[in-house]
Amino acid sequence: MTMWSDHGNSRPDPRARVTARRRWLAEAGCGFGGLALSALVAADSAAAAATANPLAARPGHHAPRARSVIFLFMEGGPSHLDLFDPKPLLRELAGRRLPETFGKVITAMGEAGSPLLADKRTWRRHGQSGLWVSDWLPHTAGIVDEIAVIRSCVSDGINHSGGVCQMNTGAVLGGRPSLGAWATYGLGTENTDLPAFVVMQDNDGQVVNGPRNWGSGFMPAVYQGARIGGGTPPIPNLFRPAGVDEPRQQAKLELLGRINREYADRTPEQTELDARLLNYELAFRMQAAAPLAVDLADETEETRRLYGLDRKETASFGRTCILARRLVERGVRFVQLYHGAGSKWDSHSGLEKNHAALCGQMDQPVAALVRDLRRRGLLDSTLVVWGGEFGRTPMSEKGDGRDHNPTGFTMWMAGAGVPGGITVGATDDLGLRAVEDRMHVHDLHATILHLMGIDAMGLVFPFKGRPERPTLNEGSPHPRLVGRLS
Amino acid sequence: MTAPAGRRRGGPSHPTAGILRASAAALAAAVTAIAAAAEPPVPSFTRDVIPVLTKAGCNSGGCHAKANIGQNGFRLSLLGFEPAEDHEHIATEARGRRISPAAPDESLLLRKASAAVPHGGGLRLAGDSPGYAVLRRWIAAGGPPPAAGEAVIESISVSPARLTVGEGAATRLTTTARYSDGGSRDVTALALYEAVDRGRLEVDEEGIVRARDVPGAAAVMVRYQGKVAVASFTIPRAGAVAAAPADEEFPAEDFIDRFVFARLREVGIPASPECDDATFHRRVSLDITGAIPTVEAAAAFLESPAADRRARLVDSLLADPGYADFFANKWTALLKNRRDDASDTVSNFAFHSWIRDSLLANKPYDRLVRELLAATGTVVENPPVAWYKRVRDPRQQVEDVAQLFLGTRIQCAQCHHHPFERWSQADYHSLAAYFSQVGRTPTTTRGEDLIFHKRGVAGVTDPRTGATLRPAALGRTEPPIAPDDDPRLRLADWMAAPDNPFFARALVNRYWKHFFGRGLVEPEDDLRDTNPATHPELLDALAGHFRRSGFDLKALVRTIVSSKAYRLSAVPVPGNAADTQNFSHFQPRRLPAEVLLDAIDRATGTTTAFANLPAGTTAVALPDNSYTRSSAFLKVFGRPDGQSVCECERSQSSSLGQSLHLIAAGDVKAKLAAADGRAARLARSTAGEPAQVRELFLAAFAREPTPGEAVAARAWLSGELRGADGSPLPREKARQEQFEDLLWALVNSKEFLFNH
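Those protein sequence lines, which keep their order, are chains A and B.
To get the numbering used here, take the position in the first sequence, counting from 1, and add 288.
To get the numbering used here, take the position in the second sequence, counting from 1, and add 170.
Hints in this document: simulated from the structure, not taken from any laboratory.
Glycine is no exception: its CB is placed at the ideal position from the N, C-alpha and C atoms.
You may find that some hints are simply not true.
[Claimed, not checked] Partner residues aside, some chain A positions facing chain B, computed with beta carbon under 10 angstroms: (1) F506; (2) R536; (3) K540; (4) L543; (5) R546; (6) N548; (7) Y551; (8) A552; (9) D553; (10) G709; (11) M745; (12) P755.
[What the hints assert, rightly or not] Residues from chain B that face chain A, not an exhaustive set, calculated with beta carbons under 8 angstroms: (13) A303; (14) A880; (15) L916; (16) N918; (17) E921.
Produce the entire structure from the sequences given, and follow the hints as far as they go.
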C-alpha cells in the first residue's frame, strides 16, 4: 500500500478529500459534461443537437405506468406444465402418444412421438385470487395476488439461440436491438451516473448468444446493456486497482483533469469530441456512484434474509435481485437478470432434479423482490416480468425430461398497474399449444413498451432506408395487462 | 435522432394554414388536370388507383403490405409494385366484398379508408378528397383490372433538380411522370417526398420544401410508382457572405481542394486553419499505418528543416509495412476472414498474408478484386479462394460483392423492388447468375474446398416467373458467355471498365471516409441515386483519377493526405463548429481498438503477446477475429468480428466498459508498470527531468509539452509517495510509480484517445 501526499504531509483529512473529489468532478467530470451539453443546447442547429447526449431523458408517447422494468429471464426454458399450468388430462394420458387430433408437431429434438409425461407436482390454488401454482414455487405462491399469469405465450424460436434471441430482440435471427436498447433509445435515462440498461447473471455461465442479447443491433452502442456481475466486483474494473489508495487515485484523476484542461484550452468548442467523451465522464462518475449502488452493506438483516442471502442456494440470485431493486431505486431504466445462465433450465432429461434445484434457487429471491418493491412503494412504477425463451412439451424426452415448446408457455408480469391475481389466455388440454388469447413475443414486447409509455409502432429507428420498429411492425399491447379492460 | 417518432396517422401536418390551403387547391387542381387529361373517364388501376393507395400509405410495409400477411386479412403489394396481385386482392378476393360497383360509397375499401367503419389505420382518405373520388369512379366503372398494353411509367423528373435556398426559405417541387407512349403528366400531388437529411430540410406531402438552419448540401427524394428522382439543395449559412473564405487558387492537380473549398464558399462556412506539424504527423501516421509516431520519429520530424518534410513523411509511411498491416486489417474484416474453428487457422493466415502482401506490393485494386472474385483452386495454392470458403451461399456472394466493391446494397431486391432503388428482382438474380457456375468439391483437408469453374451456361431461375436469367451486371447487357468461360471474369472485366459507374467510386468513397471520418456518400457503401454525394463532382473526379492511375491505392492515399482539406485543424473557428458535412475542419475520431492497444504499447514501451504469433506482432497485424475473443481490450473497444461486409460492424462508440478498462484494468496497469517499460526506464534514467518529461509527451502526443504541462508534470515528480505506514517509499520505487502515474494520465487523456 502506498499513499500520496503533496508535500510530504500526512494523509489529507477526509473533508479535504471530499473537496478534492468535488473539484475534480467539477473540472473533469460533471462540470465538463454540463458545459458541453449547454454548448450543444445553445447551438441552434439540428445537426449539433443530434450529437447531444443521446441518453438524455425524454418523454414517451403517453404517460408511463412503468418507470423501470426488471426482466427475470429463466434461461433454457422452464416447464409451464410443472409450475403454472396444471393439466389433469396429461396425467390421464401419461405414457401414451399425443392424440392424433393434435396434428403434426415438430420439436427441437424430434420428440413428437414420445410418450406423454405426467407432472409429479402437488397443485393448489393460492391467494385471494385462487391462482394455480405448483409446490415447486411456495414463495411465488405467496405473491399470486400481485401477478398476472400469462399462460398463452408463443414464440417462433424452436431452439435456444433463436428463442433467446427473439425474446430479447423480437427476431429469431441476430442483428436487431434488444428490448432494453429500444426502451433506452425511446426514453433515455434519468440517472446519468449509472447505465440506463443493466444486465446481470446468477452465475458466470455463457448465456446463449452472449452479449448480443443485450446489444443495440443496428442502433448506436450507447443504447446497449451494461453487463455487471452479481458477485464482487459487480462491474469489471469499477474499483481502484489493488495497491492504489483513494487519495492517490483522486490525485491522479486531478492530474488527468489538468492535462485534459490544458488540451481543452488549446482546442475550444470541440463539441463533438466532448459529446463522445460522455462515457468517459460517466465512468468517472460511476466510480463514485456505483459502489454505493452495488454495496449491499446498508441492507438490513431482515431484507437480506427475505432475499435468501443467508442460504447458499438462494444467495447468488438473491444478490442480483437486491441489486436490481437498488438500481431501479436509482432510476435505472431496464434491468435484466438471467437465472440459470448457460441454459440451466433446459431439462431434456431429469426434469425433476433440474427444476427442483433451480426453483429452489429462484423462487424465494423473486418473491422477495416483488414484496420488497411493494413495501417500498416501487412496485407501482416498476414492471417485473418473469419467464424463459419457451416452455416445455407434454411429451417426454429420454424418459424423464421434456423437449422445447415455443407454441404455448407461461410468463408472468407484476407491478406497473398490471392487475394482479389474474390468468391471461390458455393452452390446450395438454399444454402443447396456446389456444386462447395467444400472446406472441411481439405482443409481450408491445405490452412491456406500452407500460413504459412507448407505442411500439411509433418508435422508429431509420436504418438502411427502412423505418425499423421494436416489434417488427407486429404485436399489440394486451388490453387486460395494460389496464384497458379489467 | 428521431426517437420517438410520432406514428404517421391521420392527415399531413402543415407548417402554416396558408400553405395548407394553397396545397389543397393545388392538389385538387392537379387531380382535376389528371382527370381532364386522362380523358377516358374510367381511372386506370395502375396509373390512377395505385398511386392513391400509395400516397395514403395503404401499401406501406407497416400496413397492408406487411410481408406475406398484410393487415387484418387484406394484403397489398409493397408500394404497389405488383398491380395484378393488388387488383385481385381488392376486386376479387373475399368474394369481391371490398368493392361494390352498384353502390360505390358502400365499398368496404372506401368505408375503411374514410373511417366510416372502424379502421385500424384510421382516416386515410376523406370522403371529399380527390383520392377518394378517383377510387370511387374506378369502382363505379366496375373496378376494371390493369389494362393490357397500357402505357407504363418510364421515369419521373423533379423540378427544380438543383437549387440554392436560404435558411428558412421554402420552395415548391413539381414532379412529372413520363410514360412509354411518350405522354407525361404532373404527379406532384401523388408523389411521395422524403428529405434525405432531415436535419437540413423538411418537406411536406405536397412537395413544399423548407430549408432549416443547418448550412450544407441536402436533398429530397421523390418517389412515384417505383421511380425515383432527387432534388438537390445547397443551403448557405445565413449572413455568411462577409465571413465566406477568400477565393483561393489551387493548382490544377489539386482537384480535391478546388472542390472542397468551392463548396465551403458556396455554403458560406469558413475553414479552420491548417494543423501544426506535430498534429499532422500523429494524424497521418494513425491514418496510414494505424500507429502513433515513435519518440525518435516525432523528435526528428519536429526538428526537420526540410520544406517538403510532410510529403517525405507520407512517402515513408506508405513504404512502411505498417501501411499494409493496417489496411489488410480493414479488408480482412470486410472479407470475413473469420475463425470459427481451429481448422480455419491455415486458410485465415494464408488469406491475410495474401491481402497484406498485395497491399505492400501495391497490387492494382482491380487486379486484387479480380483475383479474389475469380479465384479457383485450393486455399494453399491460391489464398483468395478462402473468400469462397467464408461466403458460401451464392446469394451472399452477390450481396457482398455488390456492397463491398460496387457500393450498392442489393439485398432488398432479392424479394422486392426496393422503393429507394432502381434495382428489381431480375437485376438481383441476373447479377447472382455470374456466380452460378462456381463449383466446389471437398479436399482432403477438413473444411477446405477446391473451387473451380463448373462447365456450363451460367444462369439462375427467376423465383417469381420461373424464367432463366442470364448474367447481367447492374444496368448492363452481357453478351452470351460460352460454357467454358468463367462468368466471374466477365464480372471483373465489367468492374474495371472505364465506364463502370460503381467500382472506382465505391472504393474512393470508402477511402475518403477512412481519412475524413465521413464519406462523400454516407454510409460509404450505399451509393444510389436517392442518396446523393455531398460533393458529387469531387467524387467523380476522385474516381476518375483513381481509374486513370491504374487503380493505384497508394497513389490514392497520397492524393488524399496531400490535400489541404486533410491538413485542416480539428479546432473549429466561429461559424464552422456545427459543420460535420463539408470538411471545414478535421473530425476527431476515437482510435480503433487495435490502434489504441498498439498506441498504449508504444507509449508505455511494451508489447502484447498474441497466441501463435511472433513476439512483437502488433494488434493491427492480427490475421483474423479469433484474437478478439481472447483479448478483453480488443473486445471492449469494438474490434469487429468479421461477420458483416459493412464497416459499421466496427464499433467506434465509447462505452462505459472502455472507460473503466482504461482507468483501472489489469492489462493496462501491467503495461504501465512493466519492468522494462517506459516508466521504469525513465525512473532509472539520469537524463534530467526536462528531458524525461519531453520524452513522455513525444511518446504520447508526438509533440513537446506546453509550459503548463511541463510544470504540472514536474510538480507531480517532485511530490513524495508514502507507504501505508506513513514512511516515504524507497526512492526508486516512488520514482517509477510517479512516472507510471504520469503515463497513466497521458494515455487516459482525450488527446491520446482521439485522432485529431
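Results for each hint:
1. F506: At about 8 angstroms, which falls below the 10 angstroms cut-off, the nearest Cβ of chain B leaves the hint on F506 (chain A) intact, so it holds.
2. R536: OK, holds: R536 (chain A) within 10 angstroms of chain B, min 8 angstroms.
3. K540: For K540 (chain A), the interface hint holds, since the closest Cβ of chain B sits about 5 angstroms away, which is under 10 angstroms.
4. L543: holds (5 angstroms)
5. R546: holds (5 angstroms)
6. N548: Holds, about 5 angstroms.
7. Y551: Holds, because the Cβ-Cβ distance from Y551 (chain A) to chain B comes to roughly 5 angstroms (cut-off 10 angstroms).
8. A552: holds (8 angstroms)
9. D553: holds (8 angstroms)
10. G709: Because about 31 angstroms separates G709 (chain A) from the closest Cβ in chain B, which is outside the 10 angstroms limit, the hint is violated.
11. M745: Constraint on M745 (chain A) satisfied, holds at 6 angstroms.
12. P755: holds (7 angstroms)
13. A303: violated (29 angstroms)
14. A880: Violated, because the Cβ-Cβ distance from A880 (chain B) to chain A comes to roughly 10 angstroms (cut-off 8 angstroms).
15. L916: holds (7 angstroms)
16. N918: holds (5 angstroms)
17. E921: holds (5 angstroms)
Checked against the numbered hints given earlier, this structure breaks hints 10, 13, 14; the rest are met.
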